Amino acid sequence: MGIVVVDVMLKSEILDPQGQAVAGALPRLGFNQFTDVRQGKRFELTVEGEVTAEVLAAARAAAETMLSNPVIEDVVGVRAESAPVEPPAVEYQV
Amino acid sequence: MKIGVVTFPGSLDDHDAQRAVRVAGGEPVPLWHGDDSLRGVDAVVLPGGFSYGDYLRAGAIARFAPVMTALIPAAQGGLPVLGICNGFQILCESHLLPGAMIQNDHRTFICRDQRLRVENATTAWTSDFAKDDEITIVLKNQDGQYVADQHTLDEIEGEGRVAFRYVVERRVAARRLVDQSAADGSGALSGVRYDRFATRNPNGSYRDIAGVTNARGNVVGLMPHPEHAIEAGYGPSLDGLKFFTSVLKSVVNS
Numbered sequence: 001m002g003i004v005v006v007d008v009m010l011k012s013e014i015l016d017p018q019g020q021a022v023a024g025a026l027p028r029l030g031f032n033q034f035t036d037v038r039q040g041k042r043f044e045l046t047v048e049g050e051v052t053a054e055v056l057a058a059a060r061a062a063a064e065t066m067l068s069n070p071v072i073e074d075v076v077g078v079r080a081e082s083a084p085v086e087p088p089a090v091e092y093q094v
Numbered sequence: 001m002k003i004g005v006v007t008f009p010g011s012l013d014d015h016d017a018q019r020a021v022r023v024a025g026g027e028p029v030p031l032w033h034g035d036d037s038l039r040g041v042d043a044v045v046l047p048g049g050f051s052y053g054d055y056l057r058a059g060a061i062a063r064f065a066p067v068m069t070a071l072i073p074a075a076q077g078g079l080p081v082l083g084i085c086n087g088f089q090i091l092c093e094s095h096l097l098p099g100a101m102i103q104n105d106h107r108t109f110i111c112r113d114q115r116l117r118v119e120n121a122t123t124a125w126t127s128d129f130a131k132d133d134e135i136t137i138v139l140k141n142q143d144g145q146y147v148a149d150q151h152t153l154d155e156i157e158g159e160g161r162v163a164f165r166y167v168v169e170r171r172v173a174a175r176r177l178v179d180q181s182a183a184d185g186s187g188a189l190s191g192v193r194y195d196r197f198a199t200r201n202p203n204g205s206y207r208d209i210a211g212v213t214n215a216r217g218n219v220v221g222l223m224p225h226p227e228h229a230i231e232a233g234y235g236p237s238l239d240g241l242k243f244f245t246s247v248l249k250s251v252v253n254s
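Chains A and B, in that order, give the protein sequences. Residue 92 in the working numbering sits at position 92 of the first sequence; the count goes up by one each step and never skips. Residue 210 in the working numbering sits at position 210 of the second sequence; the count goes up by one each step and never skips.
So that you can see chain B by itself, here it is in the shape it has in the complex:
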């Protein structure tokens, strides 16, 4: 089972993605942005990091790379494609996925372990999850704010094309503050480690959307990084592995 991983100028997580494919039981195949060949792979990962300096807009120039001239029609024909972080931005710029990514609303880079809720467990990349599963994987981005117009948002919500949503723990965070305050006996909230993203999503994404899928379910993009959560001792969980085991099964079944 061959899973291609594209390296763009500026890709950071291509080797992590290759490793994740290997750990899941697949054979990673390196693909090069300057080649218009997909080398006969069964699925493709567009990894995180950067591409072409992300000048103009994140992913905007990568979208016209030679490899994308082969990948776009293949994805439209049903080839499973996963875009992670910058890869998600490239898929949006290619219009394989709806919406677009702009700068985080708080205008700072963010790196944290992030809880997500699986909203669609029927795609090629999420079938090993159950709907409403909560997972924790790494989020690290500058341009992670998912935006789209109202009509598009309503449409993808209606069609079940939101794949992942950020878990925003409004009530839990409030409870934690109160418990902490009670535990130190002071009644004051001093000393509480305040998580500024406990009560809001971490980049301002519209409707807390962390990832989306196309109508067919073969193309999935998300901002957080499953490839960093596949091995014990590295990353916050093993939740990322299921992205890769899902696609291996979907390739076998197709």
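Bound conformation, chain A alone:
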């Protein structure tokens, strides 16, 4: 079983209300170092078997036709996911 990860972000010239809401809330938790937040979308597309070049090409086509709207968004990444994602081993003091 293979997984293709597609990342989509709003274009930089488009206002991001969700990102702004998050940016507004972070300082209330003491996170004052982040000057801007932009929120995107991550898609995980699962296939049977290996992620081949054909699978990646199909994922790229899906990303450009449906997963993103090229008027307002950019596909910033289409890649095969190999190992399961471990959360970073960092403890935050909130």
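Please keep in mind that the hints were generated in silico from the structure rather than gathered at the bench. Please note: incorrect hints may appear among the correct ones.
Below, simulated EDC-like cross-link-like pairs (lysine to aspartate or glutamate); rule was C-alpha separation at most 16 Å, straight line [what the hints assert, rightly or not]:
1. K11/A to D149/B
2. K41/A to D74/A
3. K41/A to D54/B
All values derive from a computational prediction rather than experimental measurement.
Knowing the structure of chain A, use the given hints to seat chain B on it.
Showing chain B alone in chain A's frame:
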């Protein structure tokens, strides 16, 4: 004169749109998102509400519904199509209209009577208006912020493809505050009912754009709802009726 009204899973205003067609003198024909037939209609309304949960982006999944595979080429061939609210979002996602819709900049749902200025009175859906007419119809949305890149905005402005703009009453609102303050004699502004959208457009839309048309003028989309302003006693005006009388005339003349 048959005007089709598409029902998507989540459409709210399809019956209001059908009623508006009937009141204007047309024959409404219900169309189903899952059918790839337009049933021989002379024009189509994509109504407001929601579609497919509006997951991914508003209108993004509806754009690939079977009915759209018939509608997109027909619209490109000149069939009059009006997209209202979610229908506007679907037309943008289909790239029949330029730009896209994102969440309101203030991040809240909004429902109000909204003044608009008619910027283009030559489209299939606006010919019963005169340019610069001011109309008041209902606006209700969460994802109503019209956005596009600078180049696209300049292009549609240059080609007269902005169909409607939100009326932003900068000076009028200021005058109202002063008059109210003078009337209560206190000189203070307390007690004034403050309209937070008097001095800015209601969803952050770029250049106050409320609706746009394609180059040919047969496809029009707008965020506010003309179908809720067609009968005395319901809605803020009868201004919405002219959208539907316009298209009936344009069908007769074509």
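Cross-check of the supplied hints:
For the hint pairing K11/A with D149/B, the CA-to-CA distance comes to about 9 Å; that is within 16 Å, so the pair holds. Between the alpha carbons of K41/A and D74/A the distance comes to roughly 11 Å, so the proposed pair stays at or under 16 Å and holds. At roughly 15 Å between alpha-carbon atoms, K41/A and D54/B fall within 16 Å of each other, so this suggested pair holds.
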